[in-house]
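Engineer: When we follow my numbering, the leftmost residue of the sequence shown carries the number 7, and every step to the right adds one.
These are computed hints drawn from the structure, not numbers from a lab. C-beta atoms are modelled at their ideal positions from N, C-alpha and C, and glycine is treated no differently. Only true hints are included.
With beta-carbon atoms standing in for the labels, derived distance ranges:
(1) Leu61 with Gly14: 35 to 45 Å
(2) Trp54 with Gly14: 40 to 50 Å
(3) Val55 with Arg27: 41 to 51 Å
(4) Glu30 with Ile71: 15 to 25 Å
(5) Ile77 with Arg15: 20 to 30 Å
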Amino acid sequence: SGLRYLEGRIREAEIRVQRARIREAAKRVFGPSALLQRKAKITRRDFWVATLNALWSGDGHHKLIMYGIVIHGFIEAYSRLV
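Assemble the whole structure, with the sequences as input and the hints as a guide.
Structural biologist: Laid out in structure tokens, this is it:
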């Protein structure tokens, strides 16, 4: 994750800092969205849809929330068109 990378870079520079302080600094710099990253990988599954408009899938992207920007996308699962 980004926090582990950041911790590694700080240790590489031979700077001793507590993990909690690194998290606090990352939260100030990158905003709360940096700490909302998923910890577990989601496995992709196959599915079948009977007709058009029977199933829609949506997802949100909150990385720019500190600037007031939230992106949502929706896709129709039968035709797979946005």
